[in-house]
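Protein chains in written order, with this note's numbering: chain A, 29 to 362; chain B, 29 to 362.
Quick caveat, the hints were computed from the structure, so don't treat them as lab data.
Remember, predicted model here, so these are calculated numbers, not experimental data.
Don't take every hint at face value.
Any copy, or any two copies together, can satisfy a pair, since identical chains are not distinguished.
[Claimed, not checked] Below 25 Å or equal to it, Euclidean Cα-Cα: the simulated DMTMM-like pairs (lysine to aspartate or glutamate) are:
| hint | residue 1 | residue 2 |
| --- | --- | --- |
| 1 | Lys358 | Asp289 |
| 2 | Lys358 | Glu125 |
| 3 | Lys358 | Asp191 |
| 4 | Lys358 | Asp311 |
| 5 | Lys358 | Glu313 |
| 6 | Lys358 | Glu221 |
There are 2 protein chains.
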Amino acid sequence: MSGEMAEQPERLRDLIARTDEVEATVQRVAPRPLLGVSLVARGSSDHAAVYGRYLLEQATGKAISLAAPSLHTLYGVRGDYEGQLAIAISQSGRTPEIVTTLRRLCEAGARGLAITNDGTSEIAQAARGVIDLEVGEERAVPATKTVTAQLVAFAQIAMALGDTPFSRDELEAVPMWVQQVLDDPQPARAAAEALVDASHLIVVARGFLYGAALETALKIKETCSILADGYSSADLRHGPIAAVTRDFPVIAISAPGPAADDVLDLVAELRRRGARPLLISPDEEADISLPQGMPETLAPIVAVVRGQQVARALALALELDPDSPPGLSKVTVT
Amino acid sequence: MSGEMAEQPERLRDLIARTDEVEATVQRVAPRPLLGVSLVARGSSDHAAVYGRYLLEQATGKAISLAAPSLHTLYGVRGDYEGQLAIAISQSGRTPEIVTTLRRLCEAGARGLAITNDGTSEIAQAARGVIDLEVGEERAVPATKTVTAQLVAFAQIAMALGDTPFSRDELEAVPMWVQQVLDDPQPARAAAEALVDASHLIVVARGFLYGAALETALKIKETCSILADGYSSADLRHGPIAAVTRDFPVIAISAPGPAADDVLDLVAELRRRGARPLLISPDEEADISLPQGMPETLAPIVAVVRGQQVARALALALELDPDSPPGLSKVTVT
Numbered sequence: 029m030s031g032e033m034a035e036q037p038e039r040l041r042d043l044i045a046r047t048d049e050v051e052a053t054v055q056r057v058a059p060r061p062l063l064g065v066s067l068v069a070r071g072s073s074d075h076a077a078v079y080g081r082y083l084l085e086q087a088t089g090k091a092i093s094l095a096a097p098s099l100h101t102l103y104g105v106r107g108d109y110e111g112q113l114a115i116a117i118s119q120s121g122r123t124p125e126i127v128t129t130l131r132r133l134c135e136a137g138a139r140g141l142a143i144t145n146d147g148t149s150e151i152a153q154a155a156r157g158v159i160d161l162e163v164g165e166e167r168a169v170p171a172t173k174t175v176t177a178q179l180v181a182f183a184q185i186a187m188a189l190g191d192t193p194f195s196r197d198e199l200e201a202v203p204m205w206v207q208q209v210l211d212d213p214q215p216a217r218a219a220a221e222a223l224v225d226a227s228h229l230i231v232v233a234r235g236f237l238y239g240a241a242l243e244t245a246l247k248i249k250e251t252c253s254i255l256a257d258g259y260s261s262a263d264l265r266h267g268p269i270a271a272v273t274r275d276f277p278v279i280a281i282s283a284p285g286p287a288a289d290d291v292l293d294l295v296a297e298l299r300r301r302g303a304r305p306l307l308i309s310p311d312e313e314a315d316i317s318l319p320q321g322m323p324e325t326l327a328p329i330v331a332v333v334r335g336q337q338v339a340r341a342l343a344l345a346l347e348l349d350p351d352s353p354p355g356l357s358k359v360t361v362t
Numbered sequence: 029m030s031g032e033m034a035e036q037p038e039r040l041r042d043l044i045a046r047t048d049e050v051e052a053t054v055q056r057v058a059p060r061p062l063l064g065v066s067l068v069a070r071g072s073s074d075h076a077a078v079y080g081r082y083l084l085e086q087a088t089g090k091a092i093s094l095a096a097p098s099l100h101t102l103y104g105v106r107g108d109y110e111g112q113l114a115i116a117i118s119q120s121g122r123t124p125e126i127v128t129t130l131r132r133l134c135e136a137g138a139r140g141l142a143i144t145n146d147g148t149s150e151i152a153q154a155a156r157g158v159i160d161l162e163v164g165e166e167r168a169v170p171a172t173k174t175v176t177a178q179l180v181a182f183a184q185i186a187m188a189l190g191d192t193p194f195s196r197d198e199l200e201a202v203p204m205w206v207q208q209v210l211d212d213p214q215p216a217r218a219a220a221e222a223l224v225d226a227s228h229l230i231v232v233a234r235g236f237l238y239g240a241a242l243e244t245a246l247k248i249k250e251t252c253s254i255l256a257d258g259y260s261s262a263d264l265r266h267g268p269i270a271a272v273t274r275d276f277p278v279i280a281i282s283a284p285g286p287a288a289d290d291v292l293d294l295v296a297e298l299r300r301r302g303a304r305p306l307l308i309s310p311d312e313e314a315d316i317s318l319p320q321g322m323p324e325t326l327a328p329i330v331a332v333v334r335g336q337q338v339a340r341a342l343a344l345a346l347e348l349d350p351d352s353p354p355g356l357s358k359v360t361v362t
């Protein structure tokens with residue numbers, strides 16, 4: 029896991045260098061007119077899809093849906109997906125229900141695009157176009173470099189489909205920000221020390237960073253066997269906050285932008301309730317720093333790396349092996 | 029909460045008696061051709077939307093999306109929602125971000141439908157048509173009768189938009205099944221005894237029952253201040269299962285149908301891992317029974333009532349007041 033995390037700046041730089049090629053693939057595959065986009069994924073890939081959902085809705089203005097695979101694999105729904113771009117995301121390209129769901133959506137009229145780390149996989153064959161991440165084999169069970177590459181791929185897809193809230197120069201700076209996080213592991217170690225007695229925790233963010241909260245929570249669950257759940261700060265206020273009792277550990281992720289006030293207000297409220305929030309942010313008062321100057325809409329890629337680092341540091345503090353969590357395998361059959 | 033739970037059979041019967049009227053409203057509002065449906069909700073209403081998503085995708089064959097309100101309230105995305113039916117769900121009809129999001133989607137071309145317990149509320153005024161649940165004022169903070177009424181409303185909307193996997197006779201039997209659950213509180217009390225030492229738990233289901241798992245988890249969080257999270261059984265296998273350690277309490281919800289095998293297999297696997305799953309199901313071997321003979325696609329309405337009962341029993345076992353959880357208010361401003 030550590031080695032694969034360390035590869036991320038170089039792997040992301042290579043993928044970003046292929047942005048023109050990726051954009052051409054997307055433009056060739058996308059239906060015209062584009063009526064909507066359906067995203068098909070599970071696990072970490074699904075968190076990349078949650079990030080992609082925000083970017084693609086902003087770029088296209090169209091309704092973006094996250095597919096419910098069981099409708100297609102268990103319930104045999106006959107759909108009409110004419111005019112839809114169906115994007116399936118799977119690092120192995122072999123998760124059976126993702127392959128089946130992509131096939132069904134394409135049979136129903138969607139144009140299929142695959143984001144995968146294996147350009148010869150079943151999902152690549154089922155799609156009309158492929159974004160091959162080419163980040164090299166991933167051997168640790170917790171996905172790291174494939175996830176950040178999927179996030180970058182969504183940024184590239186958004187550039188191909190419309191206006192993006194970041195520039196190409198800013199996208200090209202992402203590997204440097206990731207490197208800054210990797211070069212500065214101390215904040216993650218300090219966070220791990222603060223969390224080492226936690227039996228459960230939550231991770232909150234809002235808007236573009238929501239997917240990063242979900243992914244950080246999953247990494248902690250996978251590597252530390254601790255129940256960690258990701259919430260939107262808005263959803264948390266609609267009931268779940270009742271479970272955030274005294275000394276409850278919380279990780280909040282924020283970056284300057286339209287969603288920041290809401291997350292910072294929540295952190296202040298959680299402190300008043302006696303909870304123990306740790307803030308991941310570029311802000312001065314952050315407990316766990318992020319690089320300065322990132323647009324909020326690209327910050328999730330960098331925040332995910334900080335989350336990986338916190339999860340791994342916490343696993344090591346708990347004397348667990350983050351590479352091979354008990355009871356997990358690299359390709360999940362559902 | 030107890031009184032409002034007890035009203036459910038009668039209130040649902042009244043709403044079901046208005047099915048023709050509801051169908052007429054939906055048919056008047058829905059765009060033709062219908063290109064898709066967008067659902068706008070938070071909290072318990074969002075869990076009704078998750079159930080609605082399965083029913084509406086089966087009825088229409090179209091991509092159904094759950095809106096990300098922040099895109100419209102914080103990021104000012106300019107959308108093109110021509111041909112979309114936008115359904116906003118809010119018991120009070122006054123949650124500001126839900127009202128704003130519905131307005132924005134309608135400005136972008138969607139036709140708006142509101143599901144609310146206040147037919148004069150802002151959300152009702154922002155919509156072209158209203159399904160007024162008319163279940164009477166709900167005073168307990170944890171929503172109960174408004175949630176099951178929202179689920180029934182989605183069943184009615186699905187009937188208006190296409191084929192449903194249940195008959196009208198079966199829908200009319202729902203209040204009777206709900207009454208059977210309410211008349212038999214003993215299984216919920218036994219579950220509460222088994223869960224009384226839990227500091228966290230998860231609730232799993234799959235497919236149509238997934239929304240019931242999310243809602244049961246929320247009811248437990250709200251009334252018991254215990255971190256309880258809902259998962260699809262497929263999502264749980266994609267990583268989170270690593271957090272399900274020895275003696276971990278799990279509630280699994282199942283009913284005979286295409287998703288049952290997957291959930292029952294998961295329960296067996298959780299037992300092998302030493303976890304403590306409690307099965308809510310009509311099966312003989314269930315720990316917490318459900319009525320026999322329900323179609324899987326209507327079982328969520330009845331399962332939600334069982335979940336309310338478990339949450340309330342657990343709150344009482346913990347000597348908490350389920351009607352007024354600490355730090356929650358009836359209308360949440362986000």
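What hints, given by number in increasing order, does this structure fail? Violated hints: 3, 4, 5 and 6; rest satisfied.
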